[in-house]
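Enquirer: Sequence:
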Amino acid sequence: ITEYMPHLSEGYGLLAFCYYYAGRKEESVVLYEKALALNPHIIWFYYNLGLIQYKDGHYREALNNFQKIPQVDINLSVKFILSSKLYQDILRERGMTVADIEPGVRTVLQNTEILIGLSVYHLRKPGEAAPGEENLNLRIF
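If you count by this note's numbering, then the sequence shown holds residues 8 to 148, one letter each, in order.
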């Protein structure tokens, strides 16, 4: 997709997601940044990029991405998922409907608030472990 339709952010976002779980974090970061450059209206791109940065100890960069999420129009993010052939196929394959996207949005928004707090905590108290970090994972939607 990224080769034949390089203007589509969803190709970069999905490839970034796959690269991350394949252990190719550096490439994943570059791809999420490319996806955001093409489409800065997708909460999941900011969330996943920020989470990778957070897990790598880059708290200032992570905080920067997490703080952008509340500024994004959630409706545009959901419309993007629903209008993308790529994401429609994923939804269909997983037996998901539009109603299944709402809990994912809520989870991202709730986790974002937590991650903003945790990022600030780490910036203020470098080297100290913070509670509740182990259950945070990248999300497609």
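The hints are simulated quantities; they were obtained by calculation from the structure and are not laboratory data.
Here a beta-carbon is modelled for each residue, glycine too, at the ideal position from N, C-alpha and C.
It cannot be assumed that every hint is accurate.
Keeping only pairs whose Cα atoms sit at most 25 Å apart, straight-line, the calculated SDA-like set for lysine to any residue is [unchecked claim]: (1) LYS92 <-> ALA137; (2) LYS41 <-> TYR128; (3) LYS62 <-> HIS14; (4) LYS86 <-> ILE97; (5) LYS75 <-> HIS14; (6) LYS32 <-> VAL105; (7) LYS62 <-> ILE147; (8) LYS41 <-> GLY102; (9) LYS32 <-> LEU93; (10) LYS62 <-> PRO13; (11) LYS132 <-> VAL37; (12) LYS132 <-> GLU109; (13) LYS132 <-> LEU143; (14) LYS41 <-> LEU98; (15) LYS86 <-> LYS132; (16) LYS62 <-> ALA44; (17) LYS132 <-> ILE147; (18) LYS41 <-> PHE87; (19) LYS75 <-> GLU109; (20) LYS86 <-> GLY30.
Taking CB as the label site, the calculated pair distances span [unchecked claim]: (21) LYS92 <-> ARG131: 41 to 49 Å; (22) THR9 <-> ASN82: 37 to 45 Å; (23) GLU40 <-> ARG113: 37 to 45 Å; (24) GLN78 <-> GLY102: 14 to 22 Å; (25) GLU135 <-> GLY30: 22 to 30 Å; (26) PRO133 <-> ALA106: 18 to 26 Å; (27) TYR11 <-> TYR128: 25 to 33 Å; (28) LYS32 <-> GLU100: 24 to 32 Å; (29) LEU83 <-> TYR128: 15 to 23 Å; (30) ARG101 <-> ALA44: 39 to 47 Å.
Enquirer: Need the status of pair LYS92, ALA137: alpha-carbon distance at most 25 Å?
Expert: violated, 39 Å
Enquirer: For the pair supplied as a hint, LYS32 and VAL105, is the alpha-carbon distance within the 25 Å limit?
Expert: It is violated: about 30 Å lies between the C-alpha atoms, which goes past 25 Å.
Enquirer: For the range 15 to 23 Å, tell me whether the beta carbons of LEU83 and TYR128 fit it or not.
Expert: violated, 30 Å
Enquirer: Between the beta carbons of LYS32 and GLU100, is the distance compatible with 24 to 32 Å?
Expert: holds, 26 Å
Enquirer: Starting from the hint 37 to 45 Å, judge whether the C-beta atoms of THR9 and ASN82 obey it.
Expert: At roughly 26 Å between Cβ atoms, ASN82 and THR9 fall outside 37 to 45 Å, so the hint is violated.
Enquirer: Given the hinted pair LYS75 and HIS14, is their Cα-Cα distance within 25 Å?
Expert: holds, 22 Å
Enquirer: Between LYS41 and PHE87, is the straight-line Cα distance small enough, at 25 Å or below?
Expert: Status holds; Cα separation ~16 Å.
Enquirer: Take the C-alpha atoms of LYS132 and LEU143, compute the straight-line distance between them, and say whether it is at most 25 Å.
Expert: holds, 20 Å
Enquirer: Would the hint linking LYS86 and GLY30 be met if the CA-CA limit is 25 Å?
Expert: violated, 30 Å
Enquirer: Straight-line Cα separation of LYS132 and VAL37 no greater than 25 Å?
Expert: It is violated: about 28 Å lies between the C-alpha atoms, which goes past 25 Å.
Enquirer: Given the hinted pair LYS62 and HIS14, is their alpha-carbon gap at most 25 Å?
Expert: violated, 29 Å
Enquirer: Hinted pair, alpha-carbon criterion (25 Å max): LYS75, GLU109. Please report holds or violated.
Expert: holds, 19 Å
Going through the hint list in order, the structure does not satisfy hints 1, 2, 3, 6, 8, 10, 11, 12, 15, 17, 20, 22, 23, 24, 26, 27, 29 and 30.
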